[in-house]
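Chains as they are written, first to last, in this note's numbering: chain D, 1 to 360; chain V, 1 to 429; chain A, 1 to 190.
Don't read these hints as lab results, they were simulated from the structure. As the structure is a computational prediction, the values presented were derived from the model and not from experiment. Glycine included, each C-beta is placed from N, C-alpha and C at the ideal position. Do not rely on the hints blindly, as some may be mistaken.
What the hints assert, rightly or not - Straight-line Cα separation of at most 25 angstroms, DSS-like style, residue types lysine-lysine; simulated pairs:
id, chain 1, residue 1, chain 2, residue 2
1, A, K187, V, K124
2, D, K329, D, K186
3, D, K195, D, K300
4, A, K117, V, K39
5, V, K71, V, K312
6, V, K124, V, K383
7, V, K71, V, K269
8, A, K3, V, K269
9, A, K181, V, K383
10, V, K124, A, K181
11, A, K187, A, K176
12, A, K85, A, K167
13, V, K71, A, K187
14, A, K176, V, K124
15, D, K300, D, K186
16, V, K206, A, K187
17, V, K127, A, K187
Unchecked claim - Example chain A residues on the side facing chain V (calculated, C-beta under 7 angstroms, incomplete):
id, residue
18, F33
19, V73
20, C74
21, A175
Letter by letter, the chains look like this.
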Amino acid sequence: ACGGDKKETTKAAEEKTTKAAEEKTTKAAEEKTTAAGDETTKAAAGEIEGPFDEKYTWSLATTYATGTPMVDAYYKFADLMNEYSDGAITLNVFPDSSLMGENDSFLALKSGELEFCGFGPTPFYLYSEDYGFMLAPFLIETREAYNNLYNSDLVEQAKELWRTEYNTRDVAGMAYRGYRNMSCNKAINSVDDLKGVKLRLNDNQLWSESWSALGATPVPIALGELYTSIQNGAADASEGPWEQMKSINLEEVQDYIIETKHICESVGMWMAEDLYQSLPDNYKAVVDKAGQEAIDYLEKEAIAREDDYKQQLIDGGCEFIEPDLSGFKEKAEAIWADYFKSTWTASTLEEVQAIMAGEQ
Amino acid sequence: MDPIWGLLLLLVLFLAGLPVTYALGFSALFIMRFSTGMKWITIGQQMMAGLNSFTILAVPLFLLAGKLMNKCGVTDRLFKFARAIVGWMPGGLGHVNILASFIFAGMSGTAIADASGLGLIEIKAMKDAGYDKDFSCAVTAASSTLGPIIPPSMPLVVYGTISGTSIGALFVAGVIPGIIMGVIMMALVFIYALIRKYPRDRVGSKRELLHACKEGFLPCMTPVIILLGIYTGIFTPTESAAIVVVYAAILGILVYREINFREFVDVLKETVADAIGICILISAATLFGNVLVKAMIPQTVMEFIVNSINNKYVFLLILNLALLLVGMFMETVSAITILTPIILPVAVAFGINPIHLGIIMVLNLMIGVVSPPFGVVLFAINKVGEISFGRLVKAMVPWFIVLLAALAIVTMLPWTCTWLPSTMGLGGL
Amino acid sequence: MVKTFNKILDNIEKAVITIDSILLVIITIIVVFQVIARKLNISMTGTEELARYAYVIFAFLAWPIAALRGTDVCVTFLFDKLPGKVRHVVLAVFHISMSVFAGICVYSLIKNIENAKGIIAASNRWLHISWVYIIVAVGLVATVIFNIIRCIFLLTGQAVYVSQDEKDAMELEAAKEAFEKQQELEKKGE
Ligand code: NA
Ligand code: NA
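Bound-form chain D, shown alone (with noise of 0.2 angstroms):
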């Protein structure tokens, strides 16, 4: 069974390759002009020349588990790189921690002895606290104001750092993951259900204080523990993507699924800055197009199996909620002012609401 599989996908993948490279000319050509130099541009808009004689092998280190759309797309990632390259890259992915946590990843992408990481915008919180809203629950409402933002020169400014003084290079943007969700044994209708409700959270200050503002109990719980403690009452809900519940087959011991859409995750790869730029052209085509194809394929089987995760929810025996969420975006954006005047100063409110509605 499984030699079949792997032939499907690699099918699937092809038609893929061909289909998304048409839609990419225009896309990549806009897009690496700020970011790299002319001469990639023009590699990537067709088939990447040769010589490819440099042989290098690389590994991405990452924490989501085997058979997410993460880890599948980390895998696609290395074959299209190999493909591209005529055989010249290896990407070797460890999947499941296997070879380091994120905290970790990231310090060694950093010193440049880890070549790729898989995670979301990790840096955000890792080194660029003052853009702490781009991780607040109620902020961002939709894919579109996420990718508005992320894109924005705004968010730019904080890649440019990311890249320059943490050697942390984004590889291909960030692709939607999910929104993240909530699960509950009491029904949760409006902000005023939540007073009391012991939610678990993971050890995030910013989430922790932003949930507690809207009048829930954090309890800081290990994934690994959540199902046992959800069991036996140490909490009363949990949030998250749908898939994370889904993983850990929540609906056996929760009543409801509360659709907050609270945060817009998104996740990608990150690649050592270093690394990329001592690369020939051709090769950092190779990356740039493996790359966002790569992407690309993450944000379509992600939003395929949102809808399928949140089905199974549902014939687990969870009753699904579509609460009024007005009253959880006053609640939170009561906390936001003093973040921005605190914390979150590269921007303010005002230009970041502005930049999500595509005013700038």
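Fit chains V and A with the ligands to the given chain D structure using the hints.
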């Protein structure tokens, strides 16, 4: 040179007697040199990452709890308690011996400490009651394998951390295999008792039973507290280690009033001294494991083994034999840190649950520890029981059969390890 | 001269063990506090992280003590078969190589300290990761030195190697003593 030679280098260094921490370190450097190139930053980063893990915190905490309990005479109380409960059965003290190990062993970290602590009391009591020396010594040695299967267990904490398996699931997973082993061993005691007409205690009066319970009941609660905490979700296995420390401190200082502040400080210092070795070992093992993964060595080993053995049961048989052999020569925690990153991918490729593998590994290594010619527990019992080595080995033969039978059952029936954790939602996979 | 030197070493060892004992108590308290806070619905972040870093410091501070006293975990059943004098020479070589390894670690840690500059812990936003690396590096610098000292001590006969058998015998003796004491106490009690 092929980086896989790093494994041979490790073996050579470590058989030569270089501390395991450094043997692991040098092999890691060797493998880096011949596969990825020297990644200087990785060395410090991974050594810190190995200890920057919440689960591994349990190691010094369980050590501390074990020492506190020893200090307040728990071994003695426990023995009396077990005696009050099962002493009246045919071969009474044999059963007591098994029960005592079941409840308490595995916190002290070294087999010799368990054997000399509990072993002294057990062998003396059995001698006074007229049991054969060879029987008393053999049952003491054999029952010592039980400790690390039942929580708390240092080897399981280390395995869980290195393999990324839930420690809670591993703790729960050990319960059924532990009971299987206990029951089979008690059956053997029963047979011995009938053949050799061993004495039994008279059934105690209610007052005596109550007194023994009062004295010995509380320390027996340690594994129960840990399992209950995990089951109810009130605390995780790592947190349970801290809870058990507080529990032991309360027992020693307030309930039994056998530890004063001065002694408490001494126990702390002893714990630090004992914990150092294991801590730095895990640190170097993490570096070694990381380098192995990056050099794709586990994959190479896996492909080789999967291609040459294509049957899961043949693999399990060979795995068991190899682990038994390793257990005879190698200290348990070192063995786990070195072998887990290599064996785990192979086992997973054969469809073996990591939780199941953990119990199999620990069980094998524990049997290795009581096996001649190098099993450390045998040496300990040989001195504690003042029995000749040859006589002890001969007396152990029926016990080996029993232990291997239990091992075979646990190996062949994975559900003995996975059913309970998955029922409790602890990721039985 | 040698006496004062030994005294300094003893004092360093005592100081480290004291600091580590305190860290162990702190770790216990943090973890227990975390359990209680969760039970009482008090929202908490960063306790787990704090305990982890305390533990990292705990382990790396203690590392040089193992080198100084020769208490690293090792497998000695072959080594113990060697004649006494040869053992000391081999051990001296071991300690030199251990010192080299610790030196390599220090080099790596200095790179890590630079690399982690400006990076703060995920939930304790006051804690700089580079501080932790600095403490770890200090522990390993001491390991470099203490391995050399132990090597010199072994060659000059100021330190002796204790074989596993002898260690076991000592542990056994201690256990027996404790056991007999307990027995006597009980006899008196009856
Ligand atoms: Na026993
Ligand atoms: Na135990």
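- Query: Should the hint that A175 (chain A) touches chain V count as held when the rule is a Cβ pair under 7 angstroms?
  - Reply: Where the cut-off is 7 angstroms and the nearest Cβ of chain V is about 4 angstroms from A175 (chain A), the hint holds.
- Sort out whether K383 (chain V) lies within 25 angstroms of K124 (chain V), counting only the CA atoms. holds, 13 angstroms
- Query: Has the given pair, K195 (chain D) with K300 (chain D), been kept, meaning a C-alpha gap of at most 25 angstroms?
  - Reply: violated, 37 angstroms
- Item | Pair hint outcome, K329 (chain D) versus K186 (chain D) [Cα-Cα no greater than 25 angstroms] | Roughly 20 angstroms between the alpha carbons, so the hint for K329 (chain D) and K186 (chain D) holds.
- Query: When the nearest CB of chain V is found for C74 (chain A), is that gap smaller than 7 angstroms?
  - Reply: holds, 4 angstroms
- Proposed proximity, K269 (chain V) with K71 (chain V) (alpha carbon, max 25 angstroms): holds, 13 angstroms
- Taking only the CA atoms, is the gap from K85 (chain A) to K167 (chain A) under or equal to 25 angstroms? holds, 19 angstroms
- Quick one, are K300 (chain D) and K186 (chain D) close enough, alpha carbons at most 25 angstroms? violated, 33 angstroms
- So, F33 (chain A) near chain V? Judge it on the closest CB pair being under 7 angstroms. Constraint on F33 (chain A) not satisfied, violated at 9 angstroms.
- Message: Holds or violated: K117 (chain A) and K39 (chain V), Cα atoms, limit 25 angstroms.
- Response: Holds, at roughly 19 angstroms.
- Message: K187 (chain A) and K176 (chain A) were given as a pair; does the straight-line alpha-carbon distance stay at or below 25 angstroms?
- Response: Given that 25 angstroms is the threshold and the Cα spacing comes to 16 angstroms, the pair holds.
- Within a Cα-Cα threshold of 25 angstroms, do K3 (chain A) and K269 (chain V) meet the stated pairing? Since the Cα atoms of K3 (chain A) and K269 (chain V) sit roughly 24 angstroms apart, the hinted pair holds (cutoff 25 angstroms).
When each numbered hint is compared with the structure, violations occur for hints 3, 5, 15, 18.
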